[in-house]
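Protein chains: 2
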Amino acid sequence: MQLYSVSQLLKQKNKLPEVEVKGWVRTFRANRFIALNDGSCLNNIQCVVDFENTNQALLKRITTGAALHIKGELVESQGKGQNVEVLVNNLEILGDSDPEHYPIQPKKHSFEFLRENAHLRTRTNTFSAVMRLRSKLSYAIHKYFNDSGFYYMHTPIITGSDAEGAGEMFNVTKLDAKNPPLDSNGKVDYSKDFFGKETNLTVSGQLEAETYAMSLGKVYTFGPTFRAENSNTSRHLSEFWMIEPEVAFMDLPGNMDLAEDFLKYVLNYVLEHNKEDLDFLEQRLINEEKTKPQAERSDMSLIEKLKFVVDNNFKRVSYTEAIDILRNSKPNKKKKFKFPINEWGADLQSEHERFLVEKHFKCPVILFDYPANIKAFYMRLNEDGKTVRAMDILFPGIGEMVGGSQREERLDVLKEKMAVLDIPEEELWWYLDLRKYGTAVHSGFGLGFERLVMFVTGMNNIRDVIPYPRSPQNAEF
Amino acid sequence: MQLYSVSQLLKQKNKLPEVEVKGWVRTFRANRFIALNDGSCLNNIQCVVDFENTNQALLKRITTGAALHIKGELVESQGKGQNVEVLVNNLEILGDSDPEHYPIQPKKHSFEFLRENAHLRTRTNTFSAVMRLRSKLSYAIHKYFNDSGFYYMHTPIITGSDAEGAGEMFNVTKLDAKNPPLDSNGKVDYSKDFFGKETNLTVSGQLEAETYAMSLGKVYTFGPTFRAENSNTSRHLSEFWMIEPEVAFMDLPGNMDLAEDFLKYVLNYVLEHNKEDLDFLEQRLINEEKTKPQAERSDMSLIEKLKFVVDNNFKRVSYTEAIDILRNSKPNKKKKFKFPINEWGADLQSEHERFLVEKHFKCPVILFDYPANIKAFYMRLNEDGKTVRAMDILFPGIGEMVGGSQREERLDVLKEKMAVLDIPEEELWWYLDLRKYGTAVHSGFGLGFERLVMFVTGMNNIRDVIPYPRSPQNAEF
Numbered sequence: 306m307q308l309y310s311v312s313q314l315l316k317q318k319n320k321l322p323e324v325e326v327k328g329w330v331r332t333f334r335a336n337r338f339i340a341l342n343d344g345s346c347l348n349n350i351q352c353v354v355d356f357e358n359t360n361q362a363l364l365k366r367i368t369t370g371a372a373l374h375i376k377g378e379l380v381e382s383q384g385k386g387q388n389v390e391v392l393v394n395n396l397e398i399l400g401d402s403d404p405e406h407y408p409i410q411p412k413k414h415s416f417e418f419l420r421e422n423a424h425l426r427t428r429t430n431t432f433s434a435v436m437r438l439r440s441k442l443s444y445a446i447h448k449y450f451n452d453s454g455f456y457y458m459h460t461p462i463i464t465g466s467d468a469e470g471a472g473e474m475f476n477v478t479k480l481d482a483k484n485p486p487l488d489s490n491g492k493v494d495y496s497k498d499f500f501g502k503e504t505n506l507t508v509s510g511q512l513e514a515e516t517y518a519m520s521l522g523k524v525y526t527f528g529p530t531f532r533a534e535n536s537n538t539s540r541h542l543s544e545f546w547m548i549e550p551e552v553a554f555m556d557l558p559g560n561m562d563l564a565e566d567f568l569k570y571v572l573n574y575v576l577e578h579n580k581e582d583l584d585f586l587e588q589r590l591i592n593e594e595k596t597k598p599q600a601e602r603s604d605m606s607l608i609e610k611l612k613f614v615v616d617n618n619f620k621r622v623s624y625t626e627a628i629d630i631l632r633n634s635k636p637n638k639k640k641k642f643k644f645p646i647n648e649w650g651a652d653l654q655s656e657h658e659r660f661l662v663e664k665h666f667k668c669p670v671i672l673f674d675y676p677a678n679i680k681a682f683y684m685r686l687n688e689d690g691k692t693v694r695a696m697d698i699l700f701p702g703i704g705e706m707v708g709g710s711q712r713e714e715r716l717d718v719l720k721e722k723m724a725v726l727d728i729p730e731e732e733l734w735w736y737l738d739l740r741k742y743g744t745a746v747h748s749g750f751g752l753g754f755e756r757l758v759m760f761v762t763g764m765n766n767i768r769d770v771i772p773y774p775r776s777p778q779n780a781e782f
Numbered sequence: 306m307q308l309y310s311v312s313q314l315l316k317q318k319n320k321l322p323e324v325e326v327k328g329w330v331r332t333f334r335a336n337r338f339i340a341l342n343d344g345s346c347l348n349n350i351q352c353v354v355d356f357e358n359t360n361q362a363l364l365k366r367i368t369t370g371a372a373l374h375i376k377g378e379l380v381e382s383q384g385k386g387q388n389v390e391v392l393v394n395n396l397e398i399l400g401d402s403d404p405e406h407y408p409i410q411p412k413k414h415s416f417e418f419l420r421e422n423a424h425l426r427t428r429t430n431t432f433s434a435v436m437r438l439r440s441k442l443s444y445a446i447h448k449y450f451n452d453s454g455f456y457y458m459h460t461p462i463i464t465g466s467d468a469e470g471a472g473e474m475f476n477v478t479k480l481d482a483k484n485p486p487l488d489s490n491g492k493v494d495y496s497k498d499f500f501g502k503e504t505n506l507t508v509s510g511q512l513e514a515e516t517y518a519m520s521l522g523k524v525y526t527f528g529p530t531f532r533a534e535n536s537n538t539s540r541h542l543s544e545f546w547m548i549e550p551e552v553a554f555m556d557l558p559g560n561m562d563l564a565e566d567f568l569k570y571v572l573n574y575v576l577e578h579n580k581e582d583l584d585f586l587e588q589r590l591i592n593e594e595k596t597k598p599q600a601e602r603s604d605m606s607l608i609e610k611l612k613f614v615v616d617n618n619f620k621r622v623s624y625t626e627a628i629d630i631l632r633n634s635k636p637n638k639k640k641k642f643k644f645p646i647n648e649w650g651a652d653l654q655s656e657h658e659r660f661l662v663e664k665h666f667k668c669p670v671i672l673f674d675y676p677a678n679i680k681a682f683y684m685r686l687n688e689d690g691k692t693v694r695a696m697d698i699l700f701p702g703i704g705e706m707v708g709g710s711q712r713e714e715r716l717d718v719l720k721e722k723m724a725v726l727d728i729p730e731e732e733l734w735w736y737l738d739l740r741k742y743g744t745a746v747h748s749g750f751g752l753g754f755e756r757l758v759m760f761v762t763g764m765n766n767i768r769d770v771i772p773y774p775r776s777p778q779n780a781e782f
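Going line by line, the protein sequences match chains W and H.
Using the numbering used here, you'd call the opening residue of the first sequence number 306 and step up by one each time.
Using the numbering used here, you'd call the opening residue of the second sequence number 306 and step up by one each time.
Any given hint could turn out to be false.
Note: identical chains are not told apart, hence a pair may lie in one copy or across any two.
[Said to hold, decoys possible] The calculated DSS-like cross-link candidates involving lysine-lysine, where the alpha carbons are at most 27 Å apart (straight line), are:
{"id": "1", "residue 1": "K479", "residue 2": "K316"}
{"id": "2", "residue 1": "K365", "residue 2": "K667"}
{"id": "3", "residue 1": "K316", "residue 2": "K641"}
{"id": "4", "residue 1": "K376", "residue 2": "K483"}
{"id": "5", "residue 1": "K492", "residue 2": "K722"}
{"id": "6", "residue 1": "K320", "residue 2": "K720"}
{"id": "7", "residue 1": "K680", "residue 2": "K316"}
{"id": "8", "residue 1": "K502", "residue 2": "K483"}
{"id": "9", "residue 1": "K413", "residue 2": "K741"}
{"id": "10", "residue 1": "K483", "residue 2": "K385"}
{"id": "11", "residue 1": "K492", "residue 2": "K667"}
{"id": "12", "residue 1": "K639", "residue 2": "K722"}
{"id": "13", "residue 1": "K612", "residue 2": "K412"}
{"id": "14", "residue 1": "K720", "residue 2": "K413"}
{"id": "15", "residue 1": "K412", "residue 2": "K741"}
{"id": "16", "residue 1": "K479", "residue 2": "K741"}
{"id": "17", "residue 1": "K569", "residue 2": "K502"}
{"id": "18", "residue 1": "K720", "residue 2": "K385"}
{"id": "19", "residue 1": "K667", "residue 2": "K580"}
{"id": "20", "residue 1": "K365", "residue 2": "K741"}
{"id": "21", "residue 1": "K580", "residue 2": "K448"}
{"id": "22", "residue 1": "K664", "residue 2": "K318"}
{"id": "23", "residue 1": "K376", "residue 2": "K741"}
{"id": "24", "residue 1": "K492", "residue 2": "K597"}
{"id": "25", "residue 1": "K479", "residue 2": "K492"}
{"id": "26", "residue 1": "K639", "residue 2": "K320"}
Source of the hints: derived by calculation from the structure; they are not laboratory data.
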């Protein structure tokens with residue numbers, strides 16, 4: 306007798322006299338119909354129990370969450386909602402699930418309740434679909450870069466450098482917390498710490514990725530990054546995953562081409578491979594939006610939004626043009642923006658980004674050539690002396706999806722910029738070396754993985770798209 | 306004119322009148338032959354300069370490490386060592402490389418020197434080959450699991466639990482290092498820390514992976530893990546990457562099948578896709594071993610070792626049998642083992658593991674059913690009450706490659722074990738929940754990624770198979 310996954314059984318075209326399947330009970334109804342799930346797909350296999358010839362005590366143990374081992378016959382289903390079902394010949398309870406105490410009952414649970422039970426929440430349709438999509442997106446990312454000749458690089462998590470300045474960092478230490486050693490100035494003496502200096506959790510692998518791009522040509526990172534910021538919102542995590550490609554000899558237009566091609570590829574990949582999960586999440590979102598006032602509902606359904614990105618060319622617009630458009634826009638004139646746009650140099654907010662994408666251009670937008678003083682030190686200064694070769698890619702609903710730039714490859718310009726920003730050269734001697742020995746134009750971008758998963762799954766809270774979210778006051782599990 | 310990578314050019318079968326290529330100079334000899342590399346493969350493209358018609362000042366700037374943009378004609382090579390070469394029509398220096406200061410000269414550098422210049426070491430053949438293989442192995446791992454119906458899962462890096470006990474942990478904190486808040490007992494008050502409790506860097510994602518296996522069925526992790534142990538050896542890192550698959554309804558023999566199939570797949574994958582890099586590293590190892598005394602040389606070449614694993618069935622031997630074999634072995638009787646084997650219960654050392662693989666069985670070995678008291682608390686207790694369903698997979702040269710087990714699925718037995726080891730139930734309430742609600746047999750294993758990369762590349766120091774190694778006193782870059 307052969308053991309099948311639920312996904313394998315549901316794909317069978319013919320009757321099978323002898324099948325075995327193991328999984329967990331989602332529901333048991335009419336003392337007869339078990340909906341069994343094993344995580345291999347969204348749908349359950351219906352297993353039909355001959356209740357008249359089954360021990361009563363055994364029937365009582367078929368409760369939501371119980372683990373079962375079922376042997377039987379796969380036949381065409383008589384009922385609606387499924388093509389095949391298993392007529393149960395033999396049923397073994399592998400693990401009981403006391404209905405008095407099991408938290409995941411077959412009813413609607415709040416996401417907040419499920420966050421508190423994050424170890425069990427993938428036993429629901431919503432979270433199993435989200436995590437299957439998260440996994441498939443990860444795979445699509447690796448496949449895209451591998452097939453395009455990129456090398457995957459693991460940049461360090463613990464870092465001795467805090468020069469990147471992308472955000473507040475966590476300290477990593479083995480010093481005695483209560484009585485740390487002090488130096489002669491009365492400061493904590495990190496030379497006595499594990500690594501012989503102060504160390505933190507990384508905020509980005511970009512600078513290290515540049516070192517590999519300048520030898521291996523095309524590389525990318527996909528790893529965890531950290532922010533010790535006290536922002537308890539539905540869009541921030543203290544620990545999240547980032548994808549950062551970096552390519553030698555590539556300029557900003559090449560960077561735009563890469564990002565657009567990459568994003569379309571991974572979205573297409575899940576549209577092709579995870580239709581069942583996407584259909585389910587689309588319906589979930591429709592139901593959720595029904596409870597909202599009309600104004601807060603989105604114009605597009607989940608899958609329409611994905612196709613909006615896949616099917617449209619990304620419009621490339623300079624920051625300066627975008628400011629003009631925004632300044633002269635209806636919502637600006639009618640003072641509908643929370644942050645009015647008055648002059649060049651303003652940092653764009655989510656409301657502006659969404660206006661450009663959803664109302665003005667009606668396609669994904671790549672903004673480029675931002676004012677130098679609102680962007681990072683390593684971005685390539687343009688000939689105008691006041692803008693840098695930065696780009697942000699804006700998506701409907703969510704705003705910024707990707708941020709990237711051509712990097713400053715000129716040693717003298719980079720050093721000047723670091724001096725202005727008080728970044729010590731000794732901290733980044735190795736980064737400067739790249740500009741001393743065989744420097745060249747190069748570019749890259751960063752994509753916060755959880756934002757992509759939110760976009761693809763339609764989940765509104767970032768804590769619901771990562772298995773065990775970390776945020777201020779929260780490091781459970 | 307089309308831009309080609311070096312790898313694309315080397316694969317051309319026909320002449321091409323107009324090609325463009327960008328890369329870095331590896332060598333420039335006879336004022337004429339540039340060996341140009343762009344990281345796309347191990348080999349360089351030879352670019353031939355018409356030195357009589359080229360500006361002298363320009364020729365002087367063609368130095369090792371300089372970045373070039375070359376336009377020319379691709380022709381059959383007249384010389385030995387390559388099929389095609391580029392006759393240069395136009396040469397632009399993108400970035401100079403001052404030969405007086407550039408650390409990576411075309412000569413043999415010590416690995417120690419290259420570790421100090423880890424930002425430049427992938428500009429050498431050895432390290433570019435190692436890192437290309439590291440990347441391809443990562444991809445093969447993701448591909449294997451994806452194609453086998455596993456879901457990739459990101460387990461948390463910052464953890465509030467220290468119950469797994471796999472090793473010393475790093476503390477992650479935002480508290481004021483010099484004047485931490487104290488509670489009424491005079492202890493550091495972690496309730497005031499960022500996460501509201503004491504947090505550390507993870508030592509393993511296994512326990513969290515189990516939660517997902519018990520809902521999604523087949524999952525795996527591939528992420529960074531940490532050990533704050535003060536061991537400054539060539540086999541230990543403070544930060545390294547682990548792969549941990551976990552499968553519901555799978556017992557120990559199934560776990561062995563999975564691990565064997567998986568390891569053979571990933572090794573075959575690089576044998577097929579990275580022949581050039583493997584041939585180079587094999588030759589490197591042969592040259593290195595020539596400098597060693599005969600007794601320290603290995604019996605097999607690098608590729609022979611990989612084929613030894615791919616072509617042999619893994620021999621499955623119980624710990625008890627292995628102890629018998631070792632006790633009665635020649636080296637044990639002749640007191641050649643540093644740690645003599647006298648009795649059942651002894652922990653096996655690398656010398657014993659290598660004897661079993663290389664001398665006795667002459668194939669990879671899976672040892673199983675270890676004494677309970679030398680293994681972790683979560684391993685399934687056998688009916689004999691003294692052994693657990695653990696397995697270690699032993700490879701030639703390197704010893705243990707994989708450690709895994711069937712997990713204890715019985716709530717009462719698990720609780721007893723935790724009580725004996727003083728692991729508080731409150732710490733692992735969520736882990737215990739898996740045994741309360743729909744428990745079932747499940748198993749998994751862990752593979753230290755860097756050990757696999759060492760095995761595949763023949764590198765002897767673990768610091769040479771990860772981009773930026775972290776170890777005691779070392780967190781540079």
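Consistency of the hints with the structure:
1. Taking CA atoms no more than 27 Å apart as the test, K479 paired with K316 passes in neither setting, with 54 Å inside one copy and 52 Å between copies.
2. Neither within a single protomer nor between protomers do K365 and K667 lie at most 27 Å apart by alpha-carbon distance, with minima of 56 Å and 54 Å respectively.
3. In this assembly of identical chains, the alpha carbons of K316 and K641 never lie at most 27 Å apart, being 52 Å within a copy and 59 Å across copies at closest.
4. In the homo-oligomer, the alpha carbons of K376 and K483 never lie at most 27 Å apart, since the shortest distance is 60 Å inside one protomer and 64 Å across protomers.
5. Proximity of K492 to K722 under the C-alpha cut-off of 27 Å is found in neither arrangement, the shortest distances being 30 Å within a copy and 45 Å between copies.
6. For a Cα distance limit of 27 Å, the shortest separation of K320 from K720 qualifies neither inside one copy, at 72 Å, nor across copies, at 44 Å.
7. Within a single copy, K680 and K316 get their C-alpha atoms no closer than 52 Å, and across copies no closer than 41 Å, so neither meets the 27 Å cut-off.
8. In the homo-oligomer, the alpha carbons of K502 and K483 lie at most 27 Å apart both inside one protomer (18 Å) and across protomers (15 Å), since each shortest distance falls under that limit.
9. Taking the shortest Cα distances, K413 and K741 sit within 27 Å of each other only across copies (22 Å), while inside one copy they are farther apart (61 Å).
10. In this homomeric assembly, K483 and K385 never come within 27 Å of each other (Cα to Cα): the closest approach is 66 Å inside a single copy and 68 Å across copies.
11. Taking identical chains as interchangeable, the C-alpha atoms of K492 and K667 are never at most 27 Å apart, the minima being 56 Å within one chain and 58 Å between chains.
12. Taking CA atoms no more than 27 Å apart as the test, K639 paired with K722 passes in neither setting, with 39 Å inside one copy and 69 Å between copies.
13. Taking the shortest Cα distances, K612 and K412 never come within 27 Å of each other, neither inside one copy (32 Å) nor across copies (54 Å).
14. Proximity of K720 and K413 under a CA criterion of 27 Å is satisfied in neither setting, with 57 Å inside one chain copy and 32 Å between copies.
15. In the homo-oligomer, the alpha carbons of K412 and K741 lie at most 27 Å apart only across protomers (20 Å), although the nearest pairing inside one protomer, at 63 Å, exceeds that limit.
16. In this assembly of identical chains, the alpha carbons of K479 and K741 never lie at most 27 Å apart, being 36 Å within a copy and 36 Å across copies at closest.
17. Proximity of K569 and K502 under a CA criterion of 27 Å is satisfied in neither setting, with 43 Å inside one chain copy and 42 Å between copies.
18. For the identical chains of this complex, K720 and K385 are neighbours neither inside a copy (70 Å) nor across copies (44 Å), given an alpha-carbon limit of 27 Å.
19. In this assembly of identical chains, the alpha carbons of K667 and K580 lie at most 27 Å apart only when taken from the same copy (25 Å versus 48 Å across copies).
20. Within a single copy, K365 and K741 get their C-alpha atoms only as close as 75 Å, which misses the 27 Å cut-off; across copies the closest is 17 Å, which meets it.
21. Within a single copy, K580 and K448 get their C-alpha atoms as close as 19 Å, and across copies as close as 20 Å, so both meet the 27 Å cut-off.
22. Taking the shortest alpha-carbon separations for K664 and K318, neither the intra-copy value of 47 Å nor the inter-copy value of 51 Å comes in at or below 27 Å.
23. In this assembly of identical chains, K376 and K741 lie within 27 Å of each other by CA distance solely across copies; the values are 24 Å between and 69 Å within a copy.
24. In the homo-oligomer, the alpha carbons of K492 and K597 never lie at most 27 Å apart, since the shortest distance is 54 Å inside one protomer and 49 Å across protomers.
25. For the homomeric pair K479 and K492, the shortest alpha-carbon distances inside one copy (16 Å) and between copies (16 Å) are both at most 27 Å.
26. Taking CA atoms no more than 27 Å apart as the test, K639 paired with K320 passes in neither setting, with 66 Å inside one copy and 64 Å between copies.
The structure fails hints 1, 2, 3, 4, 5, 6, 7, 10, 11, 12, 13, 14, 16, 17, 18, 22, 24, 26 (numbered hints given earlier, in ascending order).
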